[in-house]
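Residue numbers (numbering that gives the first Met the number 0), protein chains in the order written: chain A, 0 to 334; chain B, 0 to 52.
For the record, the hints were derived by calculation from the structure and aren't laboratory data.
Check the hints yourself; a few may be wrong.
Stated by the list, open to error - Just some of the chain A residues that point at chain B, by a computed CB distance under 8 Å:
(1) 89
(2) 92
(3) 95
(4) 113
(5) 117
(6) 228
(7) 275
(8) 296
As the list claims (entries may be wrong) - Covered stretches of chain A (chain B as the covering partner; in silico rule of three or more C-beta atoms under 8 Å from a C-beta of chain B):
(9) 196 to 203
(10) 280 to 287
Claimed, not checked - Taking CB as the label site, the calculated pair distances span:
(11) B:18 with A:106: 17 to 27 Å
(12) A:298 with B:8: 45 to 55 Å
(13) B:1 with A:135: 21 to 31 Å
(14) B:13 with A:125: 54 to 64 Å
Yeah, the Cβ is synthetic: ideal placement off N, Cα and C, and Gly gets one too.
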Amino acid sequence: MSRREARKAEADALKSSTGPTPSSSTPEPEQTQQSEPTQQFEQLGILASEPPVEGDEPDEAAGAAASGRAAKKARAASAAEQPPVRRSMATKVVGVFGELLITAGVFVLLFLGWQLWWNSIVLTNEQTSDASSLADDWNLPVVTGTTPTPTPTTTDTAAPANYGDPAVMGAPSTGTDFAIIYVPRFGADFKRTIAEGVDPHTVLNKGGAGHYEDTQMPGEVGNFAIAAHRDGWGSAFIKINELQIGDPIYVETQDGWYTYRYRDTEYVTPYGVGVIDPVPQVEGATAVDRLITLTSCNPLYIASERIIAYGAFESWQPRSAGPPAEIASVVGSGN
Amino acid sequence: MYAALWRVLPGPVWLRIILVLILVAAVVYALAARVFPWIDVLITPTQEVTVDR
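Can you make the complete structure from the sequences, with help from the hints?
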């Protein structure tokens, strides 16, 4: 573009910026091809409506711009004065709504904290004291006198004493705490009550384990199957995936202590009821072994599957023989 | 909402702060003791750790 053309464009721009329609954009397409100083000047003239340095026409533009600004100010002022009630009401409503939303968020966070942390601590403490008092009740001398005490038939002091076939208690009524489970792998002082039934509201949500009502009792030939929560509600079986082969699982009833050894783990769908059969996963088979089955949810906090831990019976000892050495310090509330 | 509560509370600022803390503690305790167990029963899945048909 020649210099003359540039000047012409400049003049056009000036004219349009001071004319009746200041925002006219006729010269804009040419802007990109103009020399630099001109372009800057033009931008000033059009975008900011600043008065150019020479000529008397631009003064009018300045006046127009100033009056425009004044009008704007006046409009803003009248808007602030005229409907002040409406505007502050809207602000108030939005403010209260925001506070309600924040409150709801805090409420949900508090609930999560309660469910995962506070309630678990409360339930764990309750369970520990319940299990202790239950064991203390069984240790009262009156209870132990009812059945004749079996005597060990082995004289080998190295081998565990053999008290014969384990005593098997009758099925208790639903909801009754009838046993205590100790698993040192879950914690040196881990103990939970086992109640009859697996109803979440009456049994499992109290933090202990529940016994599947159609399955066998501790020490009985077949399958002693229990369930407990893994995430929340006391998280009794939270470490069920950390069991190692041979880990002891002790079950205490009023008759004595049953020692099971952890054998293997299986993952099934929530409908995998075969795991609580007398012979797990073999429907209708005649049981010859004494097993314990722990069921809980998997994965943690999702519970789309079930984790199943099996243990095999090893030995039992009557109440008169005292608790197994490993859990002796945890049984009851003594010590 | 909370601004109105602040205006309703009596006394100087330090007393109001103490009162607010007491109120918050009371509300949290009431939630943990009464409201949350009630909600827990309402929203708990009935079968989460057991196998069932």
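Hint validation: residue 228 of chain A versus chain B, beta carbon distance must be below 8 Å. Holds or violated? It holds, given that the least Cβ distance between residue 228 of chain A and chain B is near 6 Å, below 8 Å.
Just to be careful: measuring from the Cβ of residue 296 of chain A to every Cβ in chain B, is the smallest value less than 8 Å? Because about 5 Å separates residue 296 of chain A from the closest Cβ in chain B, which is inside the 8 Å limit, the hint holds.
Would the hint on residue 117 of chain A be counted as holding, given a Cβ-Cβ threshold of 8 Å to chain B? holds (6 Å)
Residue 18 of chain B and residue 106 of chain A, beta-carbon distance inside 17 to 27 Å? holds (21 Å)
Counting residues of the region 280 to 287 of chain A whose CB is closer than 8 Å to a CB in chain B, do you get three or more? n = 0 at 8 Å, threshold three: violated.
Do the Cβ positions of residue 1 of chain B and residue 135 of chain A conform to the proposed distance bound of 21 to 31 Å? violated (50 Å)
Minimum Cβ distance from residue 95 of chain A to chain B below 8 Å? holds (5 Å)
Would the stated hint for residue 92 of chain A survive a check requiring a Cβ distance to chain B of less than 8 Å? At 11 Å from the nearest chain B Cβ, residue 92 of chain A fails the 8 Å test, so the hint is violated.
Minimum Cβ distance from residue 89 of chain A to chain B below 8 Å? violated (15 Å)
Within 8 Å of chain B's CB atoms, at least three CB atoms from the region 196 to 203 of chain A: coverage verdict: Held - the region 196 to 203 of chain A has 4 residues with a Cβ nearer than 8 Å to chain B, which meets the minimum of three.
Could one say that the CB atoms of residue 13 of chain B and residue 125 of chain A fall in the range 54 to 64 Å? violated (39 Å)
Between residue 298 of chain A and residue 8 of chain B, does the beta-carbon spacing fit 45 to 55 Å? holds (47 Å)
In the structure shown, a violation is registered for the earlier hints numbered 1, 2, 10, 13 and 14, in ascending order.
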